[in-house]
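Join these two chains into a complex; the hints should help.
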Amino acid sequence: MITTENLTKKFAEKIAVDRLNLHVKEGEVFGFLGPNGAGKTTTVRMLTCLISPTSGSAKVNGLDVRSHAMQIRKITGILTETPGLYENLSAERNLEIFASLYEIKNPQEQIEKYLRLLGLWDQRRDPAATFSKGMKQKLAIARALIHEPKIVFLDEPTSALDPEAARLVRDFIAGLRQEGRTIFLCTHNLDEADRLCDRIALFKSYLLTVDTPANLRATVFGRKIVIHLRENPPHLAQSLQSISGIKNIKPVDNKLVISLEDPEKINPLIIRALVENSADIQFVGELRHSLEDVYLQLINQKSSEQE
Amino acid sequence: MKKVITIIRKEWSEVFINRMVVMTIIFMPLLFTALPLIILYTTRNAGMSEYSSDMPAQLMKLCPQELTGGECFQVYLVNQFIILFMMMPLIIPVNIAAYSIVGEKTQRSLEPLLATPITTVELLLGKNLAAVIPAVLATWVSFIIFAIGVVILAQNSHVASALLDSKWLLAIFIASPLMAVLSVNFSLMVSSRVNDPRVAEQLSTVVILPLLALFFGQIAGLIFINKMVILLMIGLLVFLDIVAIYLAVHLFQRETILTRWKSI
Ligand SMILES: Nc1ncnc2c1ncn2[C@@H]1O[C@H](COP(=O)(O)OP(=O)(O)O)[C@@H](O)[C@H]1O
Ligand SMILES: [Mg+2]
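So the sequences go chain by chain: C and Z.
In terms of the working numbering, the first sequence opens at residue 1 and continues consecutively.
In terms of the working numbering, the second sequence opens at residue 1 and continues consecutively.
None of these hints come from the bench; they were simulated from the model.
As the structure is a prediction and not an experimental result, all values here were calculated from the model.
One or more of the hints may lead you astray.
Derived coverage of chain C by chain Z (criterion: at least 3 residues anywhere in the stretch with Cβ under 8 Å from a Cβ of chain Z; other residues may be distant) [unchecked claim]:
| hint | segment |
| --- | --- |
| 1 | 94-104 |
| 2 | 180-191 |
The calculated BS3-like cross-link candidates involving lysine-lysine, where the alpha carbons are at most 25 Å apart (straight line), are [stated by the list, open to error]:
| hint | chain 1 | residue 1 | chain 2 | residue 2 |
| --- | --- | --- | --- | --- |
| 3 | C | 10 | C | 59 |
| 4 | C | 14 | Z | 3 |
| 5 | Z | 2 | C | 113 |
| 6 | C | 250 | C | 265 |
| 7 | C | 74 | C | 113 |
| 8 | C | 113 | C | 133 |
| 9 | C | 265 | C | 302 |
| 10 | C | 255 | C | 265 |
| 11 | C | 133 | C | 105 |
| 12 | C | 302 | C | 14 |
| 13 | C | 74 | Z | 2 |
| 14 | Z | 2 | C | 150 |
| 15 | C | 10 | Z | 2 |
| 16 | Z | 262 | C | 74 |
| 17 | C | 150 | C | 25 |
| 18 | C | 224 | C | 265 |
| 19 | C | 59 | C | 250 |
| 20 | C | 247 | C | 204 |
| 21 | C | 14 | C | 59 |
| 22 | C | 150 | Z | 3 |
| 23 | C | 247 | C | 224 |
| 24 | C | 113 | C | 150 |
| 25 | C | 105 | Z | 262 |
| 26 | C | 265 | C | 247 |
| 27 | C | 59 | C | 150 |
| 28 | Z | 3 | C | 105 |
| 29 | Z | 3 | C | 113 |
Ideal Cβ placement from N, Cα and C applies to all residues, glycine included.
This is chain Z alone, in the form it adopts within the complex (with noise of 0.2 Å):
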C-alpha cells in the first residue's frame, strides 16, 4: 500500500502543476454548483403557479403531492441541472489520466518506474486512486455546497426534500465514484494509444455521451429520471467498470507498455 501512496503523491505532484488540468477542477464544480442554484433561487417566487396549467400531466404525476404546480416545475428545472455534476466524475479524470499517462510516455519515464518493484496492480491501483479521488472529491464537495445552498434557498422543506431525494444521493455518492472509475480506466486506454494529451483527453470524453444523451433526453421529455433508472445505471456502471479494470490490467502489463504502446 505504501507504494500505491507513492505513486498517487507521485502523480499529484507532476499534475497539479499543469494549469489545464487544475482549472478543470476548480471551475467545473463551482460552475456546477453555482447553476442550480442560481436557477433555484431566481425560480422561487410564487408567480411560477401560474405555468403548472402547462406541466406535462406525466411530469406532475412524479412530483410529491405537497408540492404546488409551480414548486414543481421549479423541481423539474433544477433537476435537469443536477445530472450536470455527474459530468465531474466523468471529465476529472479524464483530465488527470490523459495528462499523466501521456506525460510518462513523452518522458520516457514508464521504463525505469517498471524496473522498481512494484507489481502491475499496484501501479495501476495509483494511477486510478490518483484520478478517481479528486473527482469524487470535487463531486461531493459540490453536492453538498449544493445541498446547503438548496436548504437555504429552497421556499420550503418540501421543495427542499424533492430536490435531495434518495435518487440523487445514490446518484451522486455511488454512481459517481463508479462513473470515476470508469473514465479513468477508458482514457488509460486511449491515452496508451496516443501521443498528445489534448487529443488523448478529445478522445476520452467519448465516455460523457450517455450521460448527455441522459441529460438531453430528459429536457425533450422522453426519459424520466427517477430511483429505478438511477439503479439501473449504477448496475451498468459496475458492469462497465469491470470490463475497463479488466482490459487496463491488460494494457498495463510491463511488456505491452515497452513494446506495443504507439510511441513517440
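Just chain C, with the same shape it has in the complex (with noise of 0.2 Å):
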C-alpha cells in the first residue's frame, strides 16, 4: 500500500529524513514511532504529495508521489499535527468545504455519517472555536475521513489530548481498523502504538527497526519467566541446567528469572523439575518489557553504534 525506497528529506543541511525503507501494507494499523523531530512530520508530507523528496522514492496505493500527488491526494486522508480547523465557521460548514473539494457526491450524506459517529452532531452549527481540545480533534478526523479514503494518516492524534479525550480518539481509531482502511499513524505514545498497531516502525531519522509490539519486546530481550518460590535454595536453580532451551537461570531473592525460547513448550519441564525439588511454587509469569524499555534500549544501541 505504501512502499518507500531511500526515501530521503533534507532541509539545507539537515536530513530529517534519511534513506527511509519502509513496506506498508494494506488493511494495517502501521505505527511510525519516534521521538520529538524524529521526522515522522516530515515522511507523512512526503507521502501525502505535500512536500517533495529530496531523493530516494515513495509510492502510495502503487501512485508515485512525484508524478500521481492529484490521484494520491483522493485517496489519502490526513490528520495534521495540529487540528487546523476554520475556528469561525461551524462544524458543518467545515466538513461542507472539504467534501465538496473531494467532489463527494453525497456530502451531506457523509456529513451527517461522521458528525453523528464522533458526538459533534447536536453541535454542528456551533462555530469551532468554541470546541474542546477533543472536539476539535475529533471534528478534524471526520474531516479526514469524509471522502472515505483508502489510506489514512493520523499524525500524533492524541498527543494535544487530555487522558479521557484521548481515550476516545484512540477507540475511535481502532474501530477504523475495522473497516479495513490502511492506516499510518505517527506517535510519540508507546503505550498508544502498542495497543493499537499491528506494526511498529521505530524511527529516528533513520529507521531502526520493523516488527510487531510482541516480536518487538522479544527479538531486543528474548523472552522470560519469573517463578515466586516460598524459599529459593541455590540448588533449585541447578536442577535446571539440564534443561535445554533455557538461556540464563538468574536468582533474585525468592525468584528464578529464567530466558527462554519458547515458555509454552519448556515451562511445565521447569516446574515439574522444581517440583521434584521440592520447591513451593506461589506464581509462575512472563516477564513482559514495556515498549519503552525497547525503544530505549534501541536508541541507545544505535547511538553506541554510530560512535
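Structure follows, in C-alpha cells:
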C-alpha cells in the first residue's frame, strides 16, 4: 500500500529523513514511532505529496508521489499535527468545504454520518472555536475521513489531548481498523502504538527496526519467565541446568528469572523439575518488557554503534 | 471551477465575519461617492464664474469649449476626487487578503487544505477572486451611483459629460480591476511573511502610494490626468499584474507554504 525506497528529505543541511525503506501492507495499522523531531511529520508530508523528497522514491497505492500527486490526494486522508480548522465556521461548514473539495457525491449524508459517529451532531451549527480540544480533534478526524480514503495518515492524534479525550480518539481509531482501511499512525506515545498497531516502525531520522509489538519485545530482550518460590535455595537453580532451551537463570531473592526460547513448551518441564526438588511454587508469570524499554534499548544501541 | 467557487465561498464566509473588513467595504465606497457629489452640489451656483480669470491657462485648454470658466473649475475640482475611487480596488483587496492569509496561518488550516486534490492555480484563483470581486463591485457600484448623482446634480449636460468622460470610464472599468489584482497579489506576498493581519495591511497599503502621488501631483498641478496618462497606467498595470501573479504562483506552491512561510 505504501512503499518507500531510500526516501530522503533534507532541509538546507539538516537531514530530516534519511534513506527510509518502508513497506506498509493494505489494511494494517502501521505505527510510526519516534521522538519529537524524528522526522515523522516530514515523512507524512512526503507521502501525502505536500512536500517533495530530496531523493529516493515513494509509492502510495502503487502511485508515485512525484508524478501522481493529484490521484494520491484523492485516496488519502490526513489528520495534521494541529487540527487546522476554520475556527469561525461551524462544524458542518468546515466539513462542507472539504466534502466539496474532494468532490463527494453525497456530501450531506457523509457529513451527517461522521458528525454522528464522532458525537458532534448536536453541535454541528456551533463555530469550531467553541469546541474543546478533544472535539476539535474529532472534527479534524471527521474531515480526514469524509471522502472515505483508502489510506489515512494520523499525525500524533492524541498528543495534545487530556487522557479522557485521548481514550475516545484511540477507541475511534481502533474502530477504523475494523473497516479495513490502511492506517499510518505517527506517534511518540509507546502505549498508544502498542495498543493500536499491527506493526511498528521505530524511527529517528533513520529506520531502527520494523516489527509487531510482541516480536519487538521478544527480539530485543528475548522472552523471560519469573517463578516466585516460598524459599529459594541454590540447588533449585542448579536442578534446571540440564533442561535444554533455557538461556539463562538468575536467582533474585525468592524468585528465579529465567530467559528461554519457548515458554509454552519448556515451562512444564521447569515446573516438574522444581516440584521434584520439593520447591513450593507460589506464582509463575511471564516478564513483559514495556515497549519503552525496547525503544530506549534500541535507540541507545544504535547511537553507541554510530560512535 | 467548482473548487474555485468553494474557495471563494469559504473565503467570504470567513472574512466577512470580520468587522474591520466589512466596515472598509461599506464605508469607503460611501465616503468616496459622497465626497465628489457634495463638492459638485456646493459648487454648482453660477457665482463661481468670477474665478475663471485665476484658472491656469493650461487647465482651461483641457476643458471642452462649451464650459464656462466656473464650470471648468468645478469639473477640475470634482476630477480631483474621482481619482479617489481608485483607492477602493487597492485597499479593499488588501483588507480581504491580509485577513484571509494571516487567518489561515494562525489557524494552521492551510496544510489540510493543501492535502486535498486542489491545484495551486485553483487555490490562488479562488483567493484572488474572493478579494477582487468585492473590490471591483464596490468600485463599479459606487461609480455608477456617482454617475447617476452627476446627471441629477450637474447644472447642465456639458458639465455632466465632462465629468463622465472616457478617461474616467477607462480608469474605473479597466484600470480598477487590474489594480485590484495587483493589490491582492501584493498583499498575499506580504501576508506570507508576517503574522499579524494589521501589520500585513499596513505594509500592503504601500500599493496606494503611486496613486497618492498621482492625486497630489494633480492637485499640485504637476500632472494632468488625461486619457494618455490613464492608458499608460493601464499598460503599466498589465505588466505589474503579470509579475505579481508570477511571484504569487511561486509563493503558493505547497512546499513553499509549508516550509518557507514565516510561521507563527
Ligand atoms: N521546514 C523546515 N525547515 C527546516 N527544518 C525542518 C523543517 N521542517 C522540519 N524540520 C526539521 O526536521 C526534523 C524533523 O521534523 P518533523 O518531521 O517535524 O519531526 P516529528 O514530526 O517527528 O516531530 C526536525 O529536526 C525539524 O527541525
Ligand atoms: Mg511531528
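Outcome of the hint check:
no.	hint	verdict
1	94-104	holds (count 6)
2	180-191	violated (count 0)
3	C:10 - C:59	holds, 19 Å
4	C:14 - Z:3	violated, 36 Å
5	Z:2 - C:113	holds, 24 Å
6	C:250 - C:265	holds, 20 Å
7	C:74 - C:113	holds, 20 Å
8	C:113 - C:133	holds, 21 Å
9	C:265 - C:302	violated, 33 Å
10	C:255 - C:265	holds, 21 Å
11	C:133 - C:105	violated, 30 Å
12	C:302 - C:14	holds, 19 Å
13	C:74 - Z:2	holds, 16 Å
14	Z:2 - C:150	holds, 24 Å
15	C:10 - Z:2	violated, 36 Å
16	Z:262 - C:74	violated, 28 Å
17	C:150 - C:25	holds, 12 Å
18	C:224 - C:265	holds, 13 Å
19	C:59 - C:250	violated, 48 Å
20	C:247 - C:204	violated, 31 Å
21	C:14 - C:59	holds, 24 Å
22	C:150 - Z:3	holds, 22 Å
23	C:247 - C:224	holds, 10 Å
24	C:113 - C:150	holds, 17 Å
25	C:105 - Z:262	violated, 37 Å
26	C:265 - C:247	holds, 14 Å
27	C:59 - C:150	holds, 14 Å
28	Z:3 - C:105	holds, 14 Å
29	Z:3 - C:113	holds, 23 Å
The structure is inconsistent with the numbered hints 2, 4, 9, 11, 15, 16, 19, 20, 25, although it conforms to all the rest.
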